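Chains as they are written, first to last, in the numbering used here: chain B, 1 to 228; chain D, 1001 to 1363.
Because the hints were derived from the structure by calculation, they are not lab data. Don't take every hint at face value.
[Said to hold, decoys possible] Partial chain B-side listing against chain D, Cβ under 8 Å, derived:
| no. | residue |
| --- | --- |
| 1 | Leu-50 |
| 2 | Thr-80 |
| 3 | Phe-91 |
| 4 | Asn-95 |
| 5 | Leu-108 |
| 6 | Asp-111 |
[Unchecked claim] One-sided excerpt, in silico: chain D residues whose CB lies under 7 Å from chain B:
| no. | residue |
| --- | --- |
| 7 | Met-1001 |
| 8 | Glu-1006 |
| 9 | Arg-1009 |
| 10 | Val-1273 |
| 11 | Ala-1276 |
| 12 | Ile-1277 |
| 13 | Gly-1278 |
| 14 | Pro-1280 |
| 15 | Pro-1356 |
| 16 | Ile-1357 |
| 17 | Ala-1359 |
| 18 | Met-1360 |
[Unchecked claim] Restraint ranges, calculated between C-beta atoms of paired labels, are given here:
| no. | chain 1 | residue 1 | chain 2 | residue 2 | range |
| --- | --- | --- | --- | --- | --- |
| 19 | D | Leu-1346 | B | Pro-98 | 15 to 25 Å |
| 20 | D | Leu-1346 | B | Asp-138 | 31 to 41 Å |
| 21 | B | Asp-70 | D | Ala-1352 | 21 to 31 Å |
| 22 | D | Gln-1238 | B | Asp-138 | 54 to 64 Å |
| 23 | B | Gly-68 | D | Ile-1334 | 46 to 56 Å |
| 24 | D | Ala-1352 | B | Asp-161 | 26 to 36 Å |
| 25 | D | Gln-1238 | B | Pro-118 | 51 to 61 Å |
| 26 | D | Ala-1352 | B | Ser-223 | 35 to 45 Å |
| 27 | D | Met-1254 | B | Pro-118 | 43 to 53 Å |
| 28 | B | Gln-208 | D | Met-1254 | 53 to 63 Å |
| 29 | B | His-202 | D | Gln-1013 | 33 to 43 Å |
| 30 | D | Ser-1353 | B | Pro-98 | 17 to 27 Å |
| 31 | B | Arg-205 | D | Ala-1352 | 37 to 47 Å |
Source: prediction; values computed, not measured. The C-beta atom is built at its ideal place from N, Cα and C for all residues, glycine as well.
For reference, the chains in residue letters:
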Amino acid sequence: MPILQLSEVSRSFGQGARRVDAVREVSLQVDRGEVVALEGPSGSGKTTLLALAGALLTPTAGEILVDGEDITKYGARARTRYRRDRVGFVFQGSNMVPFLTARENLLLVGDFGAIDRPALRRRADELLEQLDLAGVRDQVATSLSGGERQRVAIARALMRDPTLLLVDEPTASLNFELGARVVDALLSEVHLRDKACIMVTHDDRMAQRADRLVEILDGAIVSDRPLR
Amino acid sequence: MLALLEIRRRKLQFGFVTGVVALIAYLIIMVTGLGLGLYDAAGTALLNLNGDHLAYAANSNFSVIRSRLAEADVAEVRALPGAEAATPIGYVAAVIEYAPEETDTAAIIGVIPGSFAEPEVVEGRPLGGPDEILIDRSWARLAGTRVGDSLALPIGFQTRNFTVAGIVDQGYFFFQPAMYVDIDSWQELNFQGDPADRPAASLVLLQGRDLDGLRGENWRVVTKEDGFNNIEGVQAQQSTVDALRYMGLLIGAMVIGVFFYVITLQKVSLLGVLKAIGAPGSYLIVQGLLQVLIVCALGAVIAVGLALLTEATVLASDAIPINFTTGAMTTASISVVIAGVVGSLLSARQVASVDPIIAMQQQ
Chain B
1 MPILQLSEVS RSFGQGARRV DAVREVSLQV DRGEVVALEG PSGSGKTTLL
51 ALAGALLTPT AGEILVDGED ITKYGARART RYRRDRVGFV FQGSNMVPFL
101 TARENLLLVG DFGAIDRPAL RRRADELLEQ LDLAGVRDQV ATSLSGGERQ
151 RVAIARALMR DPTLLLVDEP TASLNFELGA RVVDALLSEV HLRDKACIMV
201 THDDRMAQRA DRLVEILDGA IVSDRPLR
Chain D
1001 MLALLEIRRR KLQFGFVTGV VALIAYLIIM VTGLGLGLYD AAGTALLNLN
1051 GDHLAYAANS NFSVIRSRLA EADVAEVRAL PGAEAATPIG YVAAVIEYAP
1101 EETDTAAIIG VIPGSFAEPE VVEGRPLGGP DEILIDRSWA RLAGTRVGDS
1151 LALPIGFQTR NFTVAGIVDQ GYFFFQPAMY VDIDSWQELN FQGDPADRPA
1201 ASLVLLQGRD LDGLRGENWR VVTKEDGFNN IEGVQAQQST VDALRYMGLL
1251 IGAMVIGVFF YVITLQKVSL LGVLKAIGAP GSYLIVQGLL QVLIVCALGA
1301 VIAVGLALLT EATVLASDAI PINFTTGAMT TASISVVIAG VVGSLLSARQ
1351 VASVDPIIAM QQQ
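Please work from the sequences and hints to get the whole structure.
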């Protein structure tokens, strides 16, 4: 069974003449241990699709199953719990809490709900080590480099051991070499921990590192092909 | 964790608002202390009288200054059913020269020596004769007068010497330290005409039940508290002080509210990210309120410290009637904290309304 399955999902904004169909009847599935690169020009609906999969938006039509459960039927609290426990987000700008250290940014997710604190601390140290961040663990986020911040963001996304990683333009503000290192770290974690991942990008060189490439245009999938 | 760490890491920002809160809390504590001090100075000596009701002259409009009761009126009041005990008291203000070229006014209260209107002495002994006087501790502190000293009180164009028999702790009356003399001496100090025409008392102090509202042709009975509230200027003075205090709290609530609202607006995108990664709105609101509580509590503690320092230095001379009590400081501090929390509710609403989708929209 796929981890994520979107069936005929649509999402529009506005009404009447101002209606914009951001996503149109998209069907997509992502399996365990698979990284899907979602590529397309600006305004093609990539980010909206990611927001739908992360329950930040609800679709106007269609069904979104995560581990067989329809998340479109969730209420506000259930959506918060879903994002907390089953989804790991990595945003374009890393979006660290600026006044916290790298390690505190990771431990912060423990504040959001019941979790074994000692285990959380062990996991934070383990992720910092694996992502080559042990040396900067006690530095505040604002003093980290762009690459370090993005790796901290990946570590934070993995802290609660989610089944689904949703990654939005993780290398947009990085040069190619640094971006490639960040994406490789992400791929390694997904494969190692058997997660499912959608990575939005408009950088074809980064997209080529994924397991599958899905191209989207005007809210609809125009191609879906494996890369390995 | 988030609230505390933000305060620790953004010391300048939170230090600034804590300083502002401390100044507002200090102002409120000072105004509260001034209110209490003025309240005490207005007439604690009256409130401290060992009785529960007072009879005034009917035409005095419950003014101690204007109230004059004849012997027959006093006798009528004494005979009231329900009056377990009654004793006349007199009041007159006197200017006393306590050192060469140094004068001050005192409230001279005439009592029958040994009656329940005579206050207990904290030093020396009770009144023993018509030429003795009991002085309040505040006068002793102000003028350096001690037991056994002599005080010259004016009678018409003359003065009469009274020996200080004891010191009492009754406080002020009409913003003047209270002093107690034999009621016959009070009559002499107050009225220089034919002794037969002199009023017998200003008021009658009563102990008993169900006396409030009783009236005769020439007298009216009210509770001691009502009598206090009718002291000239007390109501207006307390209303003014209360208005100042409430204005201070309102300004405090607004300043704290605006500060945290601005901080919240600055953090909207971060709040969106935190919500997107699973932070419940309630968690973020609690963190915000925790910061408000910490800042306000710290501000209040600093303000109490400043108030105590002010009391020990600037106010040590008794020149300003400010009274800092633990209760008043606690009430003022709690009020500031509550005002801060109320002021920050707008921020809480703002936090609740942040849509996590903005985490995806800020690229």
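Structure-based check of each hint:
1. Leu-50: 7 Å, holds
2. Thr-80: 5 Å, holds
3. Phe-91: With a closest approach of 6 Å, the Phe-91 (chain B) hint holds.
4. Asn-95: 4 Å, holds
5. Leu-108: The hint holds - Leu-108 (chain B) has a Cβ within 8 Å of chain D, the shortest such distance being about 7 Å.
6. Asp-111: 6 Å, holds
7. Met-1001: For Met-1001 (chain D), the interface hint holds, since the closest Cβ of chain B sits about 6 Å away, which is under 7 Å.
8. Glu-1006: It holds, given that the least Cβ distance between Glu-1006 (chain D) and chain B is near 6 Å, below 7 Å.
9. Arg-1009: Arg-1009 (chain D) check passes; min Cβ-Cβ to chain B is 4 Å, inside 7 Å.
10. Val-1273: Holds. Min distance 4 Å.
11. Ala-1276: With a closest approach of 6 Å, the Ala-1276 (chain D) hint holds.
12. Ile-1277: 5 Å, holds
13. Gly-1278: Hint holds; Gly-1278 (chain D) Cβ to chain B Cβ min 3 Å, cut 7 Å.
14. Pro-1280: 5 Å, holds
15. Pro-1356: 5 Å, holds
16. Ile-1357: Since the shortest Cβ distance to chain B is 5 Å, the answer is holds.
17. Ala-1359: 6 Å, holds
18. Met-1360: 5 Å, holds
19. D:Leu-1346 / B:Pro-98: 15 to 25 Å: 24 Å, holds
20. D:Leu-1346 / B:Asp-138: 31 to 41 Å: 36 Å, holds
21. B:Asp-70 / D:Ala-1352: 21 to 31 Å: Hint holds: Cβ distance 27 Å, inside 21 to 31 Å.
22. D:Gln-1238 / B:Asp-138: 54 to 64 Å: Check passed, 56 Å falls within 54 to 64 Å.
23. B:Gly-68 / D:Ile-1334: 46 to 56 Å: For Ile-1334 (chain D) against Gly-68 (chain B), whose Cβ atoms are near 54 Å apart, the range 46 to 56 Å holds.
24. D:Ala-1352 / B:Asp-161: 26 to 36 Å: 29 Å, holds
25. D:Gln-1238 / B:Pro-118: 51 to 61 Å: Because 58 Å falls inside the window, the suggested range holds.
26. D:Ala-1352 / B:Ser-223: 35 to 45 Å: Cβ of Ala-1352 (chain D) to Cβ of Ser-223 (chain B): about 42 Å, so the range 35 to 45 Å holds.
27. D:Met-1254 / B:Pro-118: 43 to 53 Å: The hinted range 43 to 53 Å holds for Met-1254 (chain D) and Pro-118 (chain B), with Cβ atoms some 44 Å apart.
28. B:Gln-208 / D:Met-1254: 53 to 63 Å: Once the Cβ atoms are compared, 57 Å apart, the range 53 to 63 Å for Met-1254 (chain D) and Gln-208 (chain B) holds.
29. B:His-202 / D:Gln-1013: 33 to 43 Å: 37 Å, holds
30. D:Ser-1353 / B:Pro-98: 17 to 27 Å: 22 Å, holds
31. B:Arg-205 / D:Ala-1352: 37 to 47 Å: 42 Å, holds
Checked against the numbered hints listed earlier, the structure breaks none of them; every hint is satisfied.
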